[in-house]
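2 protein chains.
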Amino acid sequence: MLYLVGMGLEPGDMTLKGREAVLKAGKVFIETYTSMPYDIGDLQKEITSVDREFVEKGDLLELAGTADVVLLIPGDPLFATTHISLMKEARDKAIPLQVCHAPSVINTLSHTGLSPYKFGRIITLSKPFPSDREKLEANLKAGLHTLCLLDPIISLSDGLRVLQDFGVTQKVVACQQLGMKTQTIHYGTITDLLPLSFSKKPCCLLVPADLHFFEEEFLNQFIHNKSC
Amino acid sequence: MLYLVGMGLEPGDMTLKGREAVLKAGKVFIETYTSMPYDIGDLQKEITSVDREFVEKGDLLELAGTADVVLLIPGDPLFATTHISLMKEARDKAIPLQVCHAPSVINTLSHTGLSPYKFGRIITLSKPFPSDREKLEANLKAGLHTLCLLDPIISLSDGLRVLQDFGVTQKVVACQQLGMKTQTIHYGTITDLLPLSFSKKPCCLLVPADLHFFEEEFLNQFIHNKSC
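If you read the sequences in order, they're chains A and B.
Quick note on numbering: the first sequence equals residues 0 to 227 in numbering that gives the first Met the number 0.
Quick note on numbering: the second sequence equals residues 0 to 227 in numbering that gives the first Met the number 0.
Bear in mind the hints are in silico, worked out from the structure with no lab data behind them.
Only a predicted model underlies this, so the values are computations on that prediction, with no experimental measurement involved.
It is possible that part of the hints are untrue.
Since the list can't tell identical chains apart, any single copy or any two copies may satisfy a pair.
The calculated BS3-like cross-link candidates involving lysine-lysine, where the alpha carbons are at most 30 Å apart (straight line), are [unchecked claim]:
#, residue 1, residue 2
1, Lys-92, Lys-117
2, Lys-87, Lys-180
3, Lys-26, Lys-126
4, Lys-140, Lys-56
5, Lys-199, Lys-92
6, Lys-180, Lys-140
7, Lys-16, Lys-126
8, Lys-87, Lys-199
9, Lys-16, Lys-92
10, Lys-56, Lys-180
11, Lys-87, Lys-140
Produce the complete structure using the sequences and hints provided.
Now the structure itself:
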């Protein structure tokens with residue numbers, strides 16, 4: 000049996016059934032290639048870091064064919080394409096698989112006051128790709144907020160500059176460690192936010208569309224360098 | 000301190016830090032008005048069911064001003080508007096609040112093979128509201144899938160009939176207990192799916208937009224009455 004166990008956003012975010020899977024597994028691996036290095040806390044178990052090749056070339060599935068194996072995954076385990084493919088491959092090879100979900104950034108958007116029911120398509124900022132600009136503009140035109148994930152190789156300031164390249168002039172929300180005890184949320188124009196120092200990861204940017212008065216009132220508490 | 004603790008989708012989906020909050024709290028409440036009655040498993044703690052009035056009229060916040068209080072919430076604790084308001088009110092009254100996130104339906108969409116990065120705005124089906132039809136059509140036009148939540152008072156078959164009223168003729172995905180061990184997924188036209196018996200809750204419908212070949216291949220395993 001292969002267990003895909005989400006680690007959530009910070010230590011303590013694993014679910015009880017995820018923890019149970021870890022405790023009873025013969026082998027526990029952690030993948031470190033879809034996210035930044037991650038504090039997993041103490042799981043009282045030997046944990047082996049594995050790379051993309053190990054997971055994608057079938058070594059993991061081969062092991063899971065004869066033993067209970069856990070793959071730990073930062074955030075929610077079914078958010079990255081590579082893990083969805085793994086689930087498909089396990090099914091094709093008739094290897095039993097169980098997913099233990101866990102909180103990911105998609106669960107935490109409400110900390111900013113923005114309604115989770117008013118988000119459009121997610122985009123991932125890396126370099127300024129024209130297709131991302133189009134997706135963002137389509138969301139805004141439809142009155143929908145945009146969650147901008149950041150490629151792990153770029154900083155929050157780089158992300159702000161990409162949005163600037165896209166012609167965004169309205170106030171945006173810059174989030175560090177959203178949903179964690181250490182979260183900070185800043186709300187302002189890109190020009191206001193760029194001079195701030197953003198060093199904590201993970202981080203993301205939210206581009207709000209038209210705001211409901213409740214959303215606006217909530218967001219206003221994060222203006223400039225007030226942090227949460 | 001007020002802890003908003005998500006119960007996730009099924010027993011075992013609470014996080015380790017959520018469980019810790021429950022164990023140390025002086026009082027533990029569960030709200031039963033934003034979701035259907037819920038199997039919470041054994042938390043070895045006395046748990047009091049509370050209604051909307053208790054939560055919204057401030058009794059909960061008053062208690063949390065002097066003791067550690069947990070409010071258990073099915074799914075993720077920050078997905079319903081009423082809990083986002085509660086967070087705002089706690090902040091206004093300077094009552095410390097901590098959110099323990101947990102998996103919700105939004106984490107589970109990939110079980111169908113549909114990419115979480117290709118979803119547009121969420122809609123909630125109850126009666127056939129024209130604004131929901133417009134949101135659905137806007138998503139489809141933008142090439143985006145739609146997660147259709149169902150008002151707890153209507154059945155999955157009712158939801159299919161609302162989509163039929165909206166003029167949906169393409170194949171849709173009918174999900175029962177998505178993300179739980181007991182999940183079932185059916186893929187077909189509304190005419191194909193309506194004769195099936197859907198009795199398990201919670202349930203939701205997904206309306207796919209244009210499919211990537213991987214998504215299509217994945218979905219095809221759920222055609223008609225093949226279940227997962």
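Hints, one by one, checked against the model:
no. : hint              : result
1   : Lys-92 / Lys-117  : between (39 Å within a copy, 27 Å between copies)
2   : Lys-87 / Lys-180  : between (35 Å within a copy, 17 Å between copies)
3   : Lys-26 / Lys-126  : neither (38 Å within a copy, 49 Å between copies)
4   : Lys-140 / Lys-56  : neither (42 Å within a copy, 37 Å between copies)
5   : Lys-199 / Lys-92  : between (41 Å within a copy, 29 Å between copies)
6   : Lys-180 / Lys-140 : neither (34 Å within a copy, 39 Å between copies)
7   : Lys-16 / Lys-126  : neither (38 Å within a copy, 37 Å between copies)
8   : Lys-87 / Lys-199  : between (35 Å within a copy, 25 Å between copies)
9   : Lys-16 / Lys-92   : within (24 Å within a copy, 36 Å between copies)
10  : Lys-56 / Lys-180  : between (37 Å within a copy, 27 Å between copies)
11  : Lys-87 / Lys-140  : between (35 Å within a copy, 28 Å between copies)
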